[in-house]
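All chains should be built: construct the whole structure from the sequences, respecting the hints.
First to last, the protein sequences are chains S and P.
Mapping the first sequence onto our numbering, position 173 (from 1) lands on 173, and the numbers just tick up by one.
Mapping the second sequence onto our numbering, position 57 (from 1) lands on 336, and the numbers just tick up by one.
In case anyone wonders, no lab produced these hints; they're calculated from the structure.
Possibly wrong hints are sitting among the right ones.
Okay, the calculated bits of chain S under chain P, using three or more residues with CB under 8 Å as the criterion [unchecked claim]:
1. 58-64
2. 84-90
3. 160-170
Idealized CB from N, CA, C, for every residue including glycine.
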Amino acid sequence: MEWWLWPIALFAITFAMGIVAVLAGVGGGVLFVPIVGAFFPFHLDFVRAAGLLLALTGALSAAPALLTSGLASLRLAMPLALVGSVTSIVGAHIGLSLPAQAVQLALGITILAIALIMWRAGRSEHPEVAQPDTLGLALGMHGSYHDAASGRDVRWSVQRTPAAFVVFAFIGLLAGMFGLGAGWANVPAFNLLMGAPLKLSVATSGLLLSVVDSSAAWVYLNRGAVLPILVVPSIIGVMLGAKIGARLLRVAPALLVRRIVLAVLLIAGGRALLRGLAF
Amino acid sequence: MEQQIYARWLVIGTRIGLAWLVVSFALYMLALVDPHVPHQDLPRLWTLPVDQYVAASGAPTGWNWITLLHRGDYLNFIGVALFAGISVLCYARIVPLFIARGERGRALIAVLQILVLVAAASGVLIVG
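Below, the structure written as structure tokens:
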């Protein structure tokens, strides 16, 4: 296959990914790494770097509107992003140091675990926080935002902040190691563990991801793992696809799309697992 | 207040970054600016682990890509670096706001975050 066909193929597949990701409510990075890693010829080092940059640019593009509307909270994101940044750097170094087969194996297990989390994890629109914890209060992790859908101001606070630091440290490690983005884990951690409202959780997840992925992206950049021919068409494809996906959101069967995404993750995760086991 | 300013800086950074990537990638793909790694060599090289790719292609590591900005492939790195670096600028912009309001704890977190990002960008954290 001619070299110039690959960026065209990447653009096409990431354009479709951008549409599907919006409809299924997942980040592009979580689809990109397993699919491109499984079905394209690029080494996983370059795919993970591209996946990280893909997730980063998506998060950076969405963050301004979410910050301006007050749905994303810097107060909530900053302390957790700091911990996640450090561990994402560690994760990126681990990922680049391990043999490809070991990374494939770990990636396969992680993707299958993500599919399980997406399938099983519940969501709570407005979780009850009976007693905000001391650390969360000390860090100013509370506030309010205006919910345009219900027309009312929503006050929020958080709980289990010490446990959240541990969880976000682990999420950062995985994000750096596999270049997956981390919305699939950030949202349940904010929402179900810390008791943040769902909309705040989704919006703040993107903001946090934009900081955490920046740290790991530099590691890949410094190691020479960024290939423009892989990164640029993928970023543009996902961004354009996401715009179309946002327009289709009202009419598309979201549940069906989500099930298709789960099936794709299972196939891609299973393939990565088998390659890791060298079958 | 700080959220609005952070958002404004993000908008500016991402728009410039995206515009740069589109233009520089067109120049690269159309070979209007010669690449450092020839297009036809890529299919042989992109299957290698990154360390072998660097050794085989002579690709730069760290910030050495700056010396290759006259090459089509590395021209794209300005856009990539802007995306990876914009958060540092946003944090640096909001630190004075926290200090002015007497929010020292938040200012400290922001400064620590800047240090982590700068350390990652500088390459001093390279291990392995």
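Evaluated hints:
no. : hint    : result
1   : 58-64   : holds (count 4)
2   : 84-90   : holds (count 3)
3   : 160-170 : violated (count 0)
Hint violations for this structure: number 3 only, all remaining hints satisfied.
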